[in-house]
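Student: Okay, here's what each chain looks like letter by letter:
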Amino acid sequence: MRNFAAILHRELKSYFTSPVAYVVIGLFIALSGLFFYLIVSNFVQLCLRYDMQAQYYRMAPPNLNVNLMAIRPILHNMSLFALFFLPLVTMRLYSEEKRTGTIELLMTSPVTNTQAILGKFTAAALLYLVMLAGTALFVLFLFLYGKPEVGSVLTGYLGLFLLGLSYLSFGLFFSTLTDNQIIAAVSSFVFILFFWAIGWVSGFVSPNLGELLTNFSLIEHFDDFAKGVLDTKHIVFYLSFIFMGLFLSYVSIESSRWRGR
Amino acid sequence: MMKKYASLIGLLGLLSIFIGLVVYSIYTKINIAVGVLLGLGLVLLIAFVILRFEAIKTGLSSRSAKFGSNAAMMILLLLGILVVINIFANRFSYRYDATAAKVFSLSEQTRKVLKNLKADVKVIGFFKSGEEKQLSELLTEYSHFSQRLSYEFIDPDKKPVEAKRYGIKTYNTIVVECRDKQEKINTVSEQELTNAIIKVTREGVKKIYFTTGHGEKDYENTQQDGLSKAKAAIDELNYQVEKILLIQPPDSIPSDCALLIIAGPKTDLLPPERSKIEAYLKRGGKLLMMLDPESPSSYGELAAQYGIRVDNNFIVELSPVGQLFGAGPIMPIVTNYEKHTISEGFQGMMTLFSEARSVSRKDDVSGDVTVTEIAKTSSSSWGETTPLRMGAQVGYNPGVDQMGPLSILTVAEKAAEKPTAVNDQYNLGLGEVKTRLAVFGDSDFAMNGYFNFQANGNLFMNVLNWLAEEEDLVSIRPRDPENRRLSLTAQQSKLMLWVGVILLPLACFGTGVYVYTKRRK
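The listed protein sequences derive, respectively, from chains A and B.
According to my numbering, the stretch in the first sequence is residues 1 to 261, in order.
According to my numbering, the stretch in the second sequence is residues 262 to 782, in order.
Mixed in with the good hints there might be a few duds.
The calculated lysine-lysine pairs, modelled on PhoX-like cross-linking and capped at a C-alpha distance of 25 Å, are [what the hints assert, rightly or not]:
{"#": "1", "chain 1": "B", "residue 1": "755", "chain 2": "A", "residue 2": "233"}
{"#": "2", "chain 1": "B", "residue 1": "420", "chain 2": "B", "residue 2": "394"}
{"#": "3", "chain 1": "B", "residue 1": "425", "chain 2": "B", "residue 2": "389"}
{"#": "4", "chain 1": "B", "residue 1": "442", "chain 2": "B", "residue 2": "490"}
{"#": "5", "chain 1": "B", "residue 1": "442", "chain 2": "B", "residue 2": "383"}
{"#": "6", "chain 1": "A", "residue 1": "147", "chain 2": "B", "residue 2": "420"}
{"#": "7", "chain 1": "B", "residue 1": "460", "chain 2": "B", "residue 2": "430"}
{"#": "8", "chain 1": "A", "residue 1": "233", "chain 2": "B", "residue 2": "394"}
{"#": "9", "chain 1": "B", "residue 1": "379", "chain 2": "B", "residue 2": "318"}
{"#": "10", "chain 1": "B", "residue 1": "373", "chain 2": "B", "residue 2": "318"}
{"#": "11", "chain 1": "B", "residue 1": "504", "chain 2": "B", "residue 2": "265"}
{"#": "12", "chain 1": "B", "residue 1": "468", "chain 2": "B", "residue 2": "537"}
{"#": "13", "chain 1": "B", "residue 1": "373", "chain 2": "A", "residue 2": "233"}
{"#": "14", "chain 1": "B", "residue 1": "420", "chain 2": "B", "residue 2": "445"}
{"#": "15", "chain 1": "B", "residue 1": "490", "chain 2": "B", "residue 2": "468"}
{"#": "16", "chain 1": "B", "residue 1": "527", "chain 2": "B", "residue 2": "490"}
{"#": "17", "chain 1": "A", "residue 1": "13", "chain 2": "B", "residue 2": "779"}
{"#": "18", "chain 1": "B", "residue 1": "383", "chain 2": "B", "residue 2": "467"}
{"#": "19", "chain 1": "A", "residue 1": "233", "chain 2": "B", "residue 2": "363"}
{"#": "20", "chain 1": "A", "residue 1": "233", "chain 2": "B", "residue 2": "383"}
{"#": "21", "chain 1": "B", "residue 1": "420", "chain 2": "B", "residue 2": "363"}
{"#": "22", "chain 1": "A", "residue 1": "147", "chain 2": "B", "residue 2": "755"}
{"#": "23", "chain 1": "A", "residue 1": "13", "chain 2": "B", "residue 2": "782"}
{"#": "24", "chain 1": "B", "residue 1": "430", "chain 2": "B", "residue 2": "527"}
{"#": "25", "chain 1": "B", "residue 1": "600", "chain 2": "B", "residue 2": "695"}
{"#": "26", "chain 1": "B", "residue 1": "430", "chain 2": "B", "residue 2": "383"}
{"#": "27", "chain 1": "B", "residue 1": "537", "chain 2": "B", "residue 2": "527"}
Hint data in this document are derived by calculation from the structure and do not stem from the laboratory.
What you are looking at is a predicted structure, and each value in this text was computed from that prediction instead of being measured.
Use the sequences and the hints to build the structure in full.
Tutor: Encoded structure:
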């Protein structure tokens with residue numbers, strides 16, 4: 001536990017003493033914020049337009065729900081932005097150690113590989129939490145000016161968090177494979193993108209295969225969270241995905257002992 | 262000598278297999294080229310293994326190969342375990358709808374229907390690609406409650422053969438299929454979808470009984486005054502038609518009776534017959550009566566219990582519309598229909614009656630009965646009360662005769678007093694059982710001579726369907742998301758833009774620069 005805490009501390013420190021964390025967090029918030037602003041403005045205009053139409057035709061105005069019509073698409077957008085940003089968070093975790101040679105120190109220290117991996121992963125997860133917390137400010141705006149539903153906002157953020165952890169665990173794995181940060185970031189980005197989009201082909205293959213592929217798709221599992229439905233199967237899927245990424249990282253690190261590299 | 266080229270042979274083998282697979286993926290069937298490529302590849306690979314046997318052997322027994330295969334095994338094992346866990350999680354997942362209005366939760370009725378599915382049901386949505394989102398979302402919820410429900414989407418433009426096979430003529434058609442039964446719907450709603458599922462999964466055939474013994478019209482009669490055309494139409498909808506002689510035992514109307522039809526009786530009901538029908542109605546029975554003018558009074562008394570008055574008259578129609586078809590003044594033509602499930606889509610349709618009496622809503626209808634006058638004659642008609650006899654003067658007598666428009670079809674609906682488990686056979690235990698009664702002031706309109714005239718047959722079948730079928734289908738209130746609007750003033754909007762999009766990220770970058778420069782020093 002102490003070793004884990006030491007690694008976590010070291011990683012967090014290296015995040016926040018370099019400009020990387022600030023740039024990633026700042027850009028993520030700015031991008032999310034921009035889309036947030038645009039979608040919410042659109043929604044506000046839509047409300048106005050429907051109200052005017054209803055008045056004109058002397059009908060009851062339709063129900064418009066800010067959660068479903070504004071927050072849900074925003075959450076989807078953020079899940080995409082995270083896809084671009086999170087490989088930047090994980091790319092240096094092992095690559096840097098490999099490049100500078102500190103990996104030797106780590107391997108010979110009393111810290112086990114599991115502790116090291118979990119420590120690094122948790123540090124990245126905490127950074128991601130900060131990113132999400134930054135965007136929560138926008139939602140706070142909505143609560144100030146309207147009455148969104150709390151329940152579906154919370155499930156949406158839970159989904160975003162789990163989805164992000166999935167990105168991070170494989171980002172970590174790809175950074176164990178190479179000493180080049182760029183390669184680590186790009187390969188994890190491509191890999192995650194592949195698992196993101198794999199459900200899209202479902203329309204072009206047989207229904208059974210399509211369903212199977214959809215089940216492997218990262219984003220398909222996210223939709224329920226975004227619309228405000230909590231389903232244990234999606235949580236299990238993300239946890240499996242995360243676990244798989246961490247396990248592969250572990251195997252990859254262990255293997256460097258006998259691969260002689 | 263050969264050993265020199267071993268690597269090349271191995272490489273060629275792999276290449277051959279790869280090309281073979283590519284060809285296979287293009288043609289999706291094993292043809293000669295694929296067979297040759299794969300076979301050749303296999304032979305080359307085997308040759309490679311034989312040539313390099315020693316080297317492979319030492320390689321596999323090396324330390325790193327051992328660890329490597331060990332690691333690969335572990336990864337595969339974990340992958341297998343995770344897949345199994347996920348399959349179980351998919352099967353036994355718990356779902357919680359966190360939205361305030363439970364927008365994504367299905368109604369109790371739908372869940373019940375889905376959990377009770379005993380046969381596989383397939384839903385096929387014929388949608389233009391990209392327009393199926395709403396249905397897909399709904400079906401996701403459906404498939405959660407039953408393993409027996411599967412669904413797929415077909416773009417009719419991309420797969421015209423499939424579309425033709427199902428007889429699809431418009432976009433956004435949903436086909437619900439179970440065994441050999443099919444049901445098509447055109448709106449995406451939980452109610453429609455659930456009802457379609459109920460219809461296709463319903464086992465057995467509903468029975469419609471025609472009473473006999475009182476001079477009623479006969480469905481076996483193929484003459485002008487028979488009902489054989491009506492019967493053919495009924496058969497088409499998978500109802501089973503039978504005759505029933507009420508005076509015979511058993512003491513009650515059979516429990517499988519979905520609808521009782523009394524078509525143009527000439528003599529009065531006997532007291533035991535009448536009490537049989539009354540008991541049947543009380544427990545949620547459905548009755549269709551077609552009563553010509555001057556038919557016996559006991560039927561009218563029966564209808565009166567449900568708020569329908571059968572008037573003792575015959576309708577004289579002077580509207581010129583009927584004359585176009587050579588219909589005399591005693592053949593009223595109906596073009597006015599009250600809004601009702603029965604008359605949906607009937608606007609502008611004509612129905613022709615011959616020697617009809619009016620059937621109207623009683624003035625003192627008790628609150629729990631809903632009576633609706635469906636089909637009405639024109640305002641230039643009246644109910645002639647003077648009996649039609651030789652030499653009798655026909656004309657409108659104010660005070661005695663009733664001025665039009667007059668109703669020729671009137672229906673009543675009431676919650677059953679003592680619904681029995683019998684009705685549950687069709688009800689799936691959903692919703693309340695309702696007694697339904699429809700009374701026509703005429704029986705001729707449905708006979709062979711008139712059945713295909715204009716909308717006569719449609720009206721008859723609509724009434725029949727309303728009586729016999731709809732009641733076991735569920736009605737589900739659509740769930741709208743809660744109304745949670747947002748209105749922002751220009752200032753609030755700008756504040757949001759400044760704080761969220763500009764100031765907050767800038768603060769973030771600023772901190773970064775501060776920390777970085779401080780560390781540099």
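Student: Each hint should be assessed against the structure and marked as holding or not.
Tutor: Do the hints match the structure? See the list:
1. B/755 <-> A/233: Since the Cα atoms of residue 755 of chain B and residue 233 of chain A sit roughly 41 Å apart, the hinted pair is violated (cutoff 25 Å).
2. B/420 <-> B/394: Holds, at roughly 19 Å.
3. B/425 <-> B/389: holds (15 Å)
4. B/442 <-> B/490: holds (24 Å)
5. B/442 <-> B/383: holds (11 Å)
6. A/147 <-> B/420: violated (45 Å)
7. B/460 <-> B/430: Holds, at about 21 Å.
8. A/233 <-> B/394: holds (21 Å)
9. B/379 <-> B/318: violated (57 Å)
10. B/373 <-> B/318: At roughly 62 Å apart (the allowed maximum being 25 Å), residue 318 of chain B and residue 373 of chain B break the hint.
11. B/504 <-> B/265: violated (93 Å)
12. B/468 <-> B/537: holds (18 Å)
13. B/373 <-> A/233: The hint holds at about 22 Å.
14. B/420 <-> B/445: holds (18 Å)
15. B/490 <-> B/468: Between residue 490 of chain B and residue 468 of chain B the Cα gap is close to 17 Å, so the pair holds against 25 Å.
16. B/527 <-> B/490: holds (21 Å)
17. A/13 <-> B/779: holds (14 Å)
18. B/383 <-> B/467: holds (23 Å)
19. A/233 <-> B/363: Given that 25 Å is the threshold and the Cα spacing comes to 19 Å, the pair holds.
20. A/233 <-> B/383: Distance of about 23 Å is within 25 Å: holds.
21. B/420 <-> B/363: violated (36 Å)
22. A/147 <-> B/755: Given that 25 Å is the threshold and the Cα spacing comes to 20 Å, the pair holds.
23. A/13 <-> B/782: holds (17 Å)
24. B/430 <-> B/527: violated (46 Å)
25. B/600 <-> B/695: holds (20 Å)
26. B/430 <-> B/383: holds (19 Å)
27. B/537 <-> B/527: It holds: about 19 Å lies between the C-alpha atoms, which stays within 25 Å.
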